[in-house]
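Asker: One letter stands for each residue in the lines below.
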Amino acid sequence: MAKKRFSPLTRRKQLPSQKPGTAPGTVEYVGHQKVEEVIISLYDYDEDHIDQLSVTDIEECRPYLENPTKTWIHVKGLHDTEKLKSIWSFFDLHPLIQEDIVNTGQHPKMETYGNCIFFVLRMFTYSNEQKELHSEQISIVLGPNYVLSFQETDLDHFRPILNRLSVQGGRLRIHPVDYLAYALLDTVVDHYFSALDNIGDTIIQIEDGLFEDGNKDLLHRIHRVRRETALFRKSIRPLREAINAAIRDPSDLISDNTRLYLRDVYDHIIQVIDTMESYRDMVLSLHDLYMSNLSNKMNEVMKVLTIIATIFIPLTFIAGIYGMNFNPEASPYNMPELNTYWGYPASLILMALIAVAMIFYFKEKEWL
Amino acid sequence: MAKKRFSPLTRRKQLPSQKPGTAPGTVEYVGHQKVEEVIISLYDYDEDHIDQLSVTDIEECRPYLENPTKTWIHVKGLHDTEKLKSIWSFFDLHPLIQEDIVNTGQHPKMETYGNCIFFVLRMFTYSNEQKELHSEQISIVLGPNYVLSFQETDLDHFRPILNRLSVQGGRLRIHPVDYLAYALLDTVVDHYFSALDNIGDTIIQIEDGLFEDGNKDLLHRIHRVRRETALFRKSIRPLREAINAAIRDPSDLISDNTRLYLRDVYDHIIQVIDTMESYRDMVLSLHDLYMSNLSNKMNEVMKVLTIIATIFIPLTFIAGIYGMNFNPEASPYNMPELNTYWGYPASLILMALIAVAMIFYFKEKEWL
Amino acid sequence: MAKKRFSPLTRRKQLPSQKPGTAPGTVEYVGHQKVEEVIISLYDYDEDHIDQLSVTDIEECRPYLENPTKTWIHVKGLHDTEKLKSIWSFFDLHPLIQEDIVNTGQHPKMETYGNCIFFVLRMFTYSNEQKELHSEQISIVLGPNYVLSFQETDLDHFRPILNRLSVQGGRLRIHPVDYLAYALLDTVVDHYFSALDNIGDTIIQIEDGLFEDGNKDLLHRIHRVRRETALFRKSIRPLREAINAAIRDPSDLISDNTRLYLRDVYDHIIQVIDTMESYRDMVLSLHDLYMSNLSNKMNEVMKVLTIIATIFIPLTFIAGIYGMNFNPEASPYNMPELNTYWGYPASLILMALIAVAMIFYFKEKEWL
Amino acid sequence: MAKKRFSPLTRRKQLPSQKPGTAPGTVEYVGHQKVEEVIISLYDYDEDHIDQLSVTDIEECRPYLENPTKTWIHVKGLHDTEKLKSIWSFFDLHPLIQEDIVNTGQHPKMETYGNCIFFVLRMFTYSNEQKELHSEQISIVLGPNYVLSFQETDLDHFRPILNRLSVQGGRLRIHPVDYLAYALLDTVVDHYFSALDNIGDTIIQIEDGLFEDGNKDLLHRIHRVRRETALFRKSIRPLREAINAAIRDPSDLISDNTRLYLRDVYDHIIQVIDTMESYRDMVLSLHDLYMSNLSNKMNEVMKVLTIIATIFIPLTFIAGIYGMNFNPEASPYNMPELNTYWGYPASLILMALIAVAMIFYFKEKEWL
Amino acid sequence: MAKKRFSPLTRRKQLPSQKPGTAPGTVEYVGHQKVEEVIISLYDYDEDHIDQLSVTDIEECRPYLENPTKTWIHVKGLHDTEKLKSIWSFFDLHPLIQEDIVNTGQHPKMETYGNCIFFVLRMFTYSNEQKELHSEQISIVLGPNYVLSFQETDLDHFRPILNRLSVQGGRLRIHPVDYLAYALLDTVVDHYFSALDNIGDTIIQIEDGLFEDGNKDLLHRIHRVRRETALFRKSIRPLREAINAAIRDPSDLISDNTRLYLRDVYDHIIQVIDTMESYRDMVLSLHDLYMSNLSNKMNEVMKVLTIIATIFIPLTFIAGIYGMNFNPEASPYNMPELNTYWGYPASLILMALIAVAMIFYFKEKEWL
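Residue numbers (the UniProt record's numbering), protein chains in the order written: chain Z, 1 to 368; chain G, 1 to 368; chain X, 1 to 368; chain A, 1 to 368; chain R, 1 to 368.
Isolated chain Z, as found in the complex (with noise of 0.2 Å):
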């Protein structure tokens, strides 16, 4: 029995949680299965050859990692426990890292252990069809000549690093295995920036929104960049110490050179972080401005009755006035205005002037 942990950004069900207490290290799956079978793929490459292979019995991967080349090994799906077990037990991994690889709640983070380094961050997507954010767990171990990685889903996210692998003199090819685990993390890293990019154009589109009609939907939208600002905030913010701890390793398992590169990583990820910090002051700004928007609209739909109503209430009163019915015959002081020569003309010219009044006070309070 795996301990699942909590992953926040879905609003799907999650799954029951097992009974706290269990042993650490336990190995299951706490997601949804993703993939049909789980796929893993072999690269083993130097300066001068790149040799690739679908792995079927982990066992096929000794000679290459008993060879001095260096060797990459992918798994695509994390659902088969006992596969999994097998690369594990293979790679003679930490209970704690086989524990972390498949609670897919992980929040960001590095570890050092004897035979390695394990890194575990999280992958966002943007999907355009759903128009909402794809995220899943990329656990990393880097080892003395080997890099094993693992995503959940079958989605190619590091194609481009396959294709920069298959360029002989490239980089990748020639720099030791410690620079490929840089690249995977770089390409994560990469993909923030894409996720950024669909924040801030949300963001915009809402502003533009704002100005222009103010509907209801737009509350909702605020809403949700707000939630996704607040998760995504916490998804990455971690990833900086674990780059950070990285970078100050003092294991030989990072070679200098790439502890440069990895700074550049290190940067970026300050950068995500700041522009994140900037969105969410940019989002509650965008909150008051609507709260304004609609006050100021209240403001006018309550001018407009008050105009309306302050100058036709006294009026309405005084066309009430002469409708009484009061006996004139009964006395000479009951209602004479009635049989007055100029009465009616009067009485429109007194509300005439009582309106004309009326909208010169609104006009000297400027609310017309």
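Think of the hints as simulated: they come from the structure by calculation, not from any bench. A couple of the hints might just be wrong.
Identical copies go unnamed one by one, so any copy, or any two together, can satisfy a pair.
Unchecked claim - Below 30 Å or equal to it, Euclidean Cα-Cα: the simulated DSBU-like pairs (lysine-lysine) are:
1) K83 <-> K34
2) K85 <-> K365
3) K109 <-> K34
4) K83 <-> K109
5) K363 <-> K303
6) K34 <-> K85
7) K109 <-> K85
8) K234 <-> K34
9) K109 <-> K234
10) K363 <-> K297
11) K303 <-> K34
12) K365 <-> K297
13) K365 <-> K303
Since chain Z is already given, all that's left is putting chains G, X, A and R on it; use the hints.
Answerer: Only chains G, X, A and R this time, still in chain Z's reference frame:
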């Protein structure tokens, strides 16, 4: 007389505070008695055997502690001061440890003493019946070859650990006793994820409720989540530093292997804290959303009032004009319209025109 | 002339500030005289005896200080500069200590001088009669074999310590004099928990009030709690650093054993600060709740107005129509309805239909 | 050409900025000339004597600087570049110091150069006539046996120091010249407490105003305090680091005794900053209170409108019904009520009943 | 293919992002071409001479770089990849530097490589015509005896430096080449003060506008300033760390004298950041003020409506009563008032009394 600390998660009336200035390390339970009787269980184990004993007199433990095997003594219930005192003097615990065990409003901490390491932390469980978080204090004393743990209630939080202890060859049986202390800490932290799940579910329910009808009860629920989040954060944040201190502690009581596992607990706590932070942001966002929804509704109400009033008030005024009783016989200027052939239809048409003009005006303003 | 610092918790009119630029270390009490006469009490004790003395001339203390036993001199009242000066010169206190003792708006701090350690902190007590926090400054000077303490009022804050001192074999009697200094600090910090309890109770009362009637007084109380919280935080936060400095201080004046106890005080202060922070969040939440409640009420008021006005304004208009005086004799088109057989009932039915339609409309909008 | 920095506390039109890219250390005063003529005063003193001299040519200072006594040269007015240049070249000041002295928008800092320590900070004084904060820049250069200080205006900020200097046997006369530098810094910081007092008084006045009538002017005052607080904080925060740097500075120019006094200044600055922070919270709280008060008033206004309108609109409708002119002679169904015996009283009673019912409804809703 | 980073200050449509996963250090300009042709200028100087050269082939620079004099090569325009590549290979720049120069959305940073120090930062200029901030990326490479700088446009930002370079005996000519790098950085930072001035002016204009008429456009301007402030902060904050790193860098490329000047730049950046922070607070305060003003106005509108409606609605009701057509002949109880002698005047007086009472009520409530 024990000194009472503040336990703010409960809104139940607290026991009256003792006078400040009493001696530290004085021992008296400040909570409500939660078990019939203090239950002491002893588990003595090594790789080859496990003995279980229900202890009535603490002296029964002496032979188990003096042999080289590992021993876990677990105490449920904190109200029987005499019994607890016998345990403490048996283990020679520092007065400050004694005070912290029974003052159940402690914030989480880890402290090293000459002969032991002391952890205090808070267990959160979500009771489905009462729909609320229940919390109790867990204290763990890690000695050279024993673990001594205390809890307030008789709930079986640590049942899974007992199950794992009973498995021959399991890590709990093989590793030294500090691994057991780790397992207890890990179990408590694992429960935080369940509590987080519950808070997350509540947030999603509120969110759904906001976009449906927005009944007033939502306001209570938003406020309750906000309070729960604030208090949960307060109870967990200091744990980060406590576990970190345990990892860096130079004492021999914690082995390097266990430090590796504690690092994992540390990561989980960070993850819990980060998730709490994003929940906090999301609850604030929910409140803003609630307010915006309210303003939107108010706006709609005002528009309906304004439209109806603005259309009918002028019409009523016109009707009022022709309801005046100026005497046509007294003057040809007194309401001659009343005697014209098309007077009535013309006035109706005038009214209709005004209404249509108003409706156009509102259409143009996009109020309709 | 002493320099006055700012003491913002009181809203009483402060004494006029002295001109800036006066010499530091000049001695004049800036507060209001709070006792009739400065009271100096001396307690000389060791494991075997305790002597108590009411001191009028500070020279009476000399024999007690010169013998090896521990001595506590406690001063109540700060207005008699001459008397204080005699004490200070007797103990050879640094001018900055002298200034800090009488300038009672100090923020908490700990400072080491050659011959002593100086603590200044603020005691908070909640007076049940006036329903408000009272605060006064406590200064503690820890020398090699004496503790010298000052307070502004003659309240018996430290009575429990005297009680414990009188118990032969108690820790206070056994441990060196720095343990007494710790006990004084601990007593002050323990009072913070009572103050916290009071603030917490007020928050709960406001919360209950909000869900009951929401009278205007709540706004005052929310604001008052908010101000109290802000000022309480300000007065306590620096204490954390002060106690931390005392723990790490290399001086011999504080023994390792007492450092252990100071660590406990440190933990309590952190707990007070954390609780203040969560109270601050909760008060903000309460204010938001108040505003939301207000908006909800306004919404309800507007709905009632809108429903009534929207139903009756059109009906009144119809009644107005048939109240017009167009002369039916002047034209067959002038209000022929008035002379129809079913005119009046038909108009009433029309009105009823309009009212029912409106009510249905409001039902559909869930305003009713 | 000097480069102008930004001085945001004044809203007066600033001098046009010089083009960026000019050489650092170029010397030209950027403020408004505030004195007729640059006044240079020299005070040469030691324990036994004090000489005072009004300097016209800086060369007059040479004998005083070359003798071993302590010398303080104080300059009032910064507009006369030639005179200032002669002083700077006389003291061989670094170009960056020269630039900072005349660019009067500096934020506070402390910098060490080979032959001196340079302080720049801001003096705040509250002018009672104009009811606003006035600020000017104070620069202090501490050399081996001299202090050189600059201020913009000819106000007598440092008069109390002169008074203390004239007292034989005073600390200022006995201690080395760095104590004088400390005294100048302390005087400036002491003025911050007066400024704080003024802000605090304004906050209390606003608070009192809020609970009295809530006139619109309060909004201006809240905003002004908010702006003043923001700018005051900005001008003082960096001073903390500057003084801290001075305390830790290894230079011989500051003696250990003076470091002790600087630590006191440091504590005062922290206290000023903490108080500013709590003022900031309180001003935010005041603004929230203002808004809540406003909402409460709006609510009350709306209730009055709603109550009056809701009671009278239905009554007016009923009156409107019986004001219709349906011809009773045309049909027995046309308004037969008009001819009944009790028709009028019955209609009045009906109206009264409706009014009473409405009032009961509002009572129940607690609107009355 | 170069990898594009996010440049959020422009709202112009960005170029499509390249696929993540491309090799780092690949070189392609991501911005819009801003100059006709890449312009390369060389300035070779020492204390005694200065040579200026417009370079077409980078090889022309070799003799200048090989002699011991100082050399500045400034490049305007980044679109001609071939030309840039020739420069980079000539100077043997690291691939990551190459990538950063053309990816013009970099956040500010300073990085040391074996043979050079690399700065990237952002120049802000305020164009008075378009009333908006323009920004471009400046890259500076400091080598042993050369400075290589890049900018996107052909604007003459560094003209003042050229002017100062041409002055024989000026500091730029005397000091080593790192002083030139400092001068470039200082010029960029000086421009920030102009940008700050512009933001400050806008804030003052908005403030003035708020107290005058409060037109809707202010909301847009507040929002724009808020966005500009957020993005400006994001672009400048990391610069602090970059300059700090340069100051502490142990490399020989920066002399101790220049470090002193860099410390000055560092102080300026802190000042810019502090000012930005206080502007941010002030803009938030402005928005609150806007909302409060709006609420005040709404309150006023509602009061006018309520006063008019509340006065006239009851009067209209009374007029409506006496407009009813109950037949006086059918019953003595049917509207006998209509036939009384003083009926009409009495009803008018009643109405006037009600109106006066209402006005008194509003006076008492201070609504009038």
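Asker: Next, verify each hint and record whether it holds.
Answerer: Each hint tested on the structure:
In this assembly of identical chains, the alpha carbons of K83 and K34 lie at most 30 Å apart only when taken from the same copy (16 Å versus 48 Å across copies). Neither within a single protomer nor between protomers do K85 and K365 lie at most 30 Å apart by alpha-carbon distance, with minima of 79 Å and 59 Å respectively. Only within a single protomer do K109 and K34 lie at most 30 Å apart by alpha-carbon distance; the minimum there is 23 Å, versus 40 Å between protomers. Proximity of K83 and K109 under a CA criterion of 30 Å is satisfied intra-copy only: 25 Å inside one chain copy versus 42 Å between copies.
Proximity of K363 to K303 under the C-alpha cut-off of 30 Å is found in both arrangements, the shortest distances being 12 Å within a copy and 17 Å between copies. For the homomeric pair K34 and K85, the shortest alpha-carbon distance inside one copy (18 Å) is at most 30 Å, but the shortest distance between copies (45 Å) is not. Taking identical chains as interchangeable, the C-alpha atoms of K109 and K85 lie at most 30 Å apart only when both belong to the same chain, with a minimum of 22 Å there against 37 Å between chains. Within a single copy, K234 and K34 get their C-alpha atoms as close as 24 Å, which meets the 30 Å cut-off; across copies the closest is 38 Å, which misses it.
Both within a single protomer and between protomers do K109 and K234 lie at most 30 Å apart by alpha-carbon distance, with minima of 13 Å and 24 Å respectively. Taking CA atoms no more than 30 Å apart as the test, K363 paired with K297 passes in both settings, with 19 Å inside one copy and 15 Å between copies. For a Cα distance limit of 30 Å, the shortest separation of K303 from K34 qualifies neither inside one copy, at 58 Å, nor across copies, at 50 Å. For the homomeric pair K365 and K297, the shortest alpha-carbon distances inside one copy (18 Å) and between copies (10 Å) are both at most 30 Å.
Proximity of K365 to K303 under the C-alpha cut-off of 30 Å is found in both arrangements, the shortest distances being 11 Å within a copy and 13 Å between copies.
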